[in-house]
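Whole structure, please, built from the sequences with the hints as guidance.
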Amino acid sequence: MPLYHDDDQAMLADTARQFMADEGSIKNQLRHWRDRECKDGFGHGLWGQFGEMGFAGMLVDEADGGLGMGHVEAGIVLEEIGRNLTPSPFLTSSVLAATAFKDASAELRGRWLPGLVSGEKVYAVALDEGAKHRPERITTRAERSGNGFRLTGEKTFVLHGASADMIVVAARTAGADDDAEGITLFAVPRDASGMSHDAVRLVDSSMATHTKFDGVELDGDAVIGEVDGGRELLGRMLDAGRCGAAAESVGVSRGAMDMTVDYLKQRKQFGRLIGEFQALQHRAAHLYSEVEIARAAVIKAQQLLDGGSENASLMASVAKAKAGKAAGLAVREGVQMHGGIGMTDEYDIGLYMKRDRALAEFLGDQYYHANRVAELSGY
Amino acid sequence: MADSTADLETFRQETRAWLDANCPPEMREPVRDEEDVFWGGRNARFKSDAQRQWFEASVAKGYTVPSWPKEYGGAGLSPAEAKVLREEMARIGARPPLSSFGIWMLGPALLHFGTEEQKRHYLNQIARGEIRWCQGYSEPGSGSDLVSLQTYGEDAGDHWVVNGQKIWTSYADQADWIFCLVRTDKTNKYQGITFMLFDMASEGVSTKPILLISGNSPFCETFFDNVKVPKDQFVGEVNRGWDVAKYLLGHEREMISGAGGGDRTAAIGAALTRAAGKHGDTLDPVLRAELAQFDVDALAYACMGEKFLDEAKVGKAHPAQPNMMKYAGTELNKRRHELFMAAGGSRALEWDSEATGGGKTARGWLRTKANSIEGGTSEVMLNVIAKRILDLPGA
Ligand SMILES: Cc1cc2nc3c(=O)[nH]c(=O)nc-3n(C[C@H](O)[C@H](O)[C@H](O)COP(=O)(O)OP(=O)(O)OC[C@H]3O[C@@H](n4cnc5c(N)ncnc54)[C@H](O)[C@@H]3O)c2cc1C
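Chains as they are written, first to last, in my numbering: chain A, 1 to 379; chain B, 1001 to 1395.
Everything labelled a hint here was simulated from the structure, so no lab data went into it.
Keep in mind that this is a model prediction, so the values were computed, not measured.
Among the hints, erroneous ones may be present.
To be verified - Short, incomplete list of chain A residues facing chain B, as computed with Cβ under 10 angstroms: (1) 11; (2) 25; (3) 51; (4) 265; (5) 275; (6) 276; (7) 286; (8) 288; (9) 293; (10) 314; (11) 317; (12) 318; (13) 367; (14) 372; (15) 379.
Said to hold, decoys possible - Straight-line alpha carbon distances no greater than 30 angstroms define the calculated DSS-like cross-link-like pairs of lysine-lysine that follow: (16) B:1119 x B:1083; (17) B:1316 x A:265; (18) B:1119 x B:1313; (19) B:1119 x B:1246; (20) B:1070 x B:1278; (21) A:354 x A:265; (22) B:1334 x B:1278; (23) B:1278 x B:1083; (24) A:265 x B:1189; (25) A:265 x B:1387; (26) A:132 x A:354; (27) A:27 x A:354; (28) B:1246 x A:265; (29) A:39 x A:27; (30) A:268 x B:1387.
By construction, the Cβ of each residue, glycine as well, lies at the ideal position given by its N, Cα and C atoms.
And the structure:
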């Protein structure tokens, strides 16, 4: 398979680009909701439009009412989301939760997927238990109780936790905290009693929660996939989510880079356009090359994931790490090359810096993933 | 042409079988030194029977230049087929059967600018490894600012009389012919250069090897003293050689970038850690972290190489993209060799010991410093990206 978008994918990219630049623009969405101190951090109206466009359920199988598309397609949408800093629950609902639901029972799929496909329902995933991504260690416990389970523990930085209609929770049903096995995934509905959220607004104006599970009673049919055997499914979710976050990072990079290169062609100092200074030209050219490489790695990872390749997991980490490095460079150079105006809230470049910072942490930063590349490579 | 998925799968199976039958095990070992590379040419000598066998089988099949048309010595493979062949060769670690400036540089330029007669004549020679070419671009006063070159060809009726000096001419002392930039109009900077082809055995051509910091001497000063070049030995148009020169540089940069994969894009952390362990050495955690960061960059760059080649084959790549590839690929390769040295420790310093294959690590490390100079420096690549891709002003 060639490493570029085929005709159908290029058409999807056009559609997504137009839609996001228009409906999902910084002015219409990010600034709009931020300036109103929105408690969700995104607009449900736009999320409904994601449903109408088919985006919300793009990874859901056709048999379940979705489009049955792959990660390359989801990445196309995410790149435009990144470019426009469009706040939405797409990554947690349409990528992470949708991937988890590939293994869910017919009953669970029937209960939760229609609302996802239509863009009416919002889903979150509760994986991390600290400030750094460490999915290898899961201490939140689900003990057998009657026909079901009793969930106890605390999850941190659950993106969209407070607005979620359902949260996919990774909990330990067997073994010790650091064991790989003994993990089970649960679909926990918003009204589950004993679940409480402590909401936090993050630097990029997105909303997360620290969520406590205080003996939450769950039916046996809340289990997604196999009891005790959830590590593999969790791994697939993480690979999908990391590829998705990496695609969004590439969008952030390209958005910030385009803005910056435009600025170099407008701003005059010393009687010249600042883009004439070689010191800035070289930095912009270096940035371009890093962003191109990151984008290639991300598309490759998506293709491998879609093809079920055994290399997909390694490449997902390569993609997340490389996209993180490139986006970090793009936003730092972006602010610097804008000079004082880059520090103002009125100007958008700073918003890219904030979004990049949050995306960089999500599902593991470049250090986590470089280390994972080393481990998977055998050193 | 076989481009449907099923046809390509058939082609893959055939290719695998052909490689199995024709690529000897010795030719699947990594290249260890210069002698492992077969460059062809009048004075070519095979290092081993295996090398000869692999070369001859490849020539017969058109696989020294697989995507060139059959009538010029290639196999006429489609982009998708050529990619399959590349992948299958990489899978078994097959060495290129023939390496040459003819394949990487002159060939593509002739395919684009050459007359039918030139293509049949020169391309077949290149494909069969009969003539070894060298590149006469740089001069003592004209490196990055190549277009300022001074070597002059005076019109003498049916031939030019060429006088001047080239420098850094790689393998000039071993080459049979040269493709050479010669000024034929002193009043016109860009439209006063002719892209000439001539025999290095011509009277008046002499070379003087230059010793490099690696201790090797792969390139020369090249002198032209009243060299007669027949008037039909040029590519493109007289005085329009700069167009050919630039087109060729695109291919040269693509080649130096290592976009085609192989050793140049592989991850290195695991192998270096194992190698250190074999000697009872351990790598510091901070060095391990550097290796991990490098591997991320290398594996990502390998994807870029694949993407670039896929796009270039169907005309989707930006025409200036080889400059980006060259910049990124060569900077990465320099970093790779810094890490070889760091992980190798003092053992990597040995200059001529048998254990290090004659100082292979140290010499290789020094050699890579040229990667970001040869074929256009990194700074010049960044200039080109800024100007042609980012469209920045006044660049
Ligand atoms: C191993 C090797 C093999 C080679 N093989 C060949 C060959 O076969 N045939 C051939 O013709 N040539 C060959 N070359 C020559 C090569 O193309 C030149 O060395 C190269 O183009 C740089 O020219 P220069 O050495 O004159 O450096 P200079 O142009 O003098 O550059 C010196 C420094 O100034 C910087 N610089 C120059 N101009 C600018 C600018 N506008 N903006 C910013 N920085 C700038 C450069 O980047 C460099 O860092 C080879 C070189 C090497 C090292």
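Status of each hint after checking the structure:
{"no.": "1", "hint": "11", "in the structure": "15 angstroms, violated"}
{"no.": "2", "hint": "25", "in the structure": "24 angstroms, violated"}
{"no.": "3", "hint": "51", "in the structure": "32 angstroms, violated"}
{"no.": "4", "hint": "265", "in the structure": "6 angstroms, holds"}
{"no.": "5", "hint": "275", "in the structure": "4 angstroms, holds"}
{"no.": "6", "hint": "276", "in the structure": "4 angstroms, holds"}
{"no.": "7", "hint": "286", "in the structure": "7 angstroms, holds"}
{"no.": "8", "hint": "288", "in the structure": "6 angstroms, holds"}
{"no.": "9", "hint": "293", "in the structure": "4 angstroms, holds"}
{"no.": "10", "hint": "314", "in the structure": "8 angstroms, holds"}
{"no.": "11", "hint": "317", "in the structure": "8 angstroms, holds"}
{"no.": "12", "hint": "318", "in the structure": "5 angstroms, holds"}
{"no.": "13", "hint": "367", "in the structure": "8 angstroms, holds"}
{"no.": "14", "hint": "372", "in the structure": "9 angstroms, holds"}
{"no.": "15", "hint": "379", "in the structure": "4 angstroms, holds"}
{"no.": "16", "hint": "B:1119 x B:1083", "in the structure": "24 angstroms, holds"}
{"no.": "17", "hint": "B:1316 x A:265", "in the structure": "26 angstroms, holds"}
{"no.": "18", "hint": "B:1119 x B:1313", "in the structure": "20 angstroms, holds"}
{"no.": "19", "hint": "B:1119 x B:1246", "in the structure": "19 angstroms, holds"}
{"no.": "20", "hint": "B:1070 x B:1278", "in the structure": "48 angstroms, violated"}
{"no.": "21", "hint": "A:354 x A:265", "in the structure": "24 angstroms, holds"}
{"no.": "22", "hint": "B:1334 x B:1278", "in the structure": "25 angstroms, holds"}
{"no.": "23", "hint": "B:1278 x B:1083", "in the structure": "36 angstroms, violated"}
{"no.": "24", "hint": "A:265 x B:1189", "in the structure": "29 angstroms, holds"}
{"no.": "25", "hint": "A:265 x B:1387", "in the structure": "12 angstroms, holds"}
{"no.": "26", "hint": "A:132 x A:354", "in the structure": "18 angstroms, holds"}
{"no.": "27", "hint": "A:27 x A:354", "in the structure": "16 angstroms, holds"}
{"no.": "28", "hint": "B:1246 x A:265", "in the structure": "27 angstroms, holds"}
{"no.": "29", "hint": "A:39 x A:27", "in the structure": "18 angstroms, holds"}
{"no.": "30", "hint": "A:268 x B:1387", "in the structure": "18 angstroms, holds"}
Hints 1, 2, 3, 20, 23 from the list above are not met by this structure, while the remaining hints are.
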